[in-house]
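There are 2 protein chains.
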Amino acid sequence: MRRDIFQAIADPTRRSIIALIAIRAMTPNAIAANFDTTRQAISKHLRILTECELVRQEQQGREIFYSLEIERLKEIDIWIDQYRQLWEKRFNQLDHVLSTIKQQKNEE
Amino acid sequence: MRRDIFQAIADPTRRSIIALIAIRAMTPNAIAANFDTTRQAISKHLRILTECELVRQEQQGREIFYSLEIERLKEIDIWIDQYRQLWEKRFNQLDHVLSTIKQQKNEE
DNA sequence: TATAAACGCAACTATTCGGTTTCGCAAATA
DNA sequence: TATTTGCGAAACCGAATAGTTGCGTTTATA
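Protein sequence lines correspond, in order, to chains U and C. The first sequence runs 172 to 279 under this note's numbering. The second sequence runs 172 to 279 under this note's numbering.
Just to be clear, a hint being listed does not mean it is correct.
Said to hold, decoys possible - Calculated lysine-lysine pairs in the DSBU-like style (CA-CA distance at most 35 Å, straight line):
| hint | chain 1 | residue 1 | chain 2 | residue 2 |
| --- | --- | --- | --- | --- |
| 1 | C | 215 | C | 260 |
| 2 | U | 245 | C | 260 |
| 3 | C | 215 | U | 245 |
Calculated directly from the structure, the hints in this document are not laboratory data.
Could you put together the complete structure from these sequences and hints?
Quick look at the structure:
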């Protein structure tokens with residue numbers, strides 16, 4: 172079963188879980204309280220997030236606290252960056268066009 | 172059928188298609204030539220990418236050229252940005268700790 | 001010590017997904 | 001005009017997915 176960070180963030184519930192535990196570590200029960208689903212379903216999502224190391228767990232008595240491994244999200248950032256360069260380049264070209272028009276206007 | 176940009180980029184083949192047509196518009200056949208799969212399968216991926224407006228098509232005779240709607244990727248960028256702020260904050264805190272240690276060292 | 005709480009795991013189910021094959025249509029070409 | 005080419009749509013299939021229910025285990029509590 173191939174786990175992929177892109178696949179991990181594809182599910183809206185998992186993105187919500189990420190948002191929740193980004194603030195502070197939470198237990199499965201506490202997380203599940205925010206959703207209209209069972210704790211077991213949340214546990215499954217947490218397992219997927221753990222498998223691709225987006226989440227780390229810390230046992231504390233009978234509770235397990237899950238927190239976000241934020242560094243892993245950089246992988247997404249690196250992917251998007253190549254396209255960010257493209258759209259910024261395009262924006263700069265437009266910017267150049269606009270300033271050229273402005274210049275021509277001033278020279279009239 | 173709920174189409175979502177996060178779901179669209181979850182598939183590795185679709186990410187490859189995005190990378191291909193980011194450079195220049197391409198036809199389904201030309202795209203499919205880069206993969207070990209049928210044109211029809213690529214067409215399905217293109218339909219999904221089109222449905223969430225990540226891709227636009229331009230008919231030219233009997234050919235259809237697909238190109239990337241790069242602005243749509245900003246949605247991913249906006250999502251990742253909130254976490255980027257978190258990890259940069261964390262990095263700055265670490266940076267602060269390091270410079271404090273350095274300072275204490277100098278004061279010895 | 002008996003009970004309750006917190007959790008992971010396994011079995012099961014309905015749905016979605018990625019792929020193929022087959023088809024029909026429109027445009028280019030022989 | 002007959003044939004080839006480029007394409008999307010539909011039917012179908014196996015695998016993966018997201019969810020449920022029902023366990024068993026460990027830890028806390030009455």
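Going down the list of hints, with the structure as the test:
Restraint check for residue 215(C) and residue 260(C): not satisfied, since their Cα atoms lie roughly 41 Å apart, outside the 35 Å limit. At most 35 Å may separate the alpha-carbon atoms for a hinted pair to count; residue 245(U) and residue 260(C) meet this at roughly 14 Å. Distance check on the hinted pair: residue 215(C) and residue 245(U) sit about 29 Å apart at the alpha-carbon level, within 35 Å; holds.
Hint compliance for this structure: hint 1 is the single one not met.
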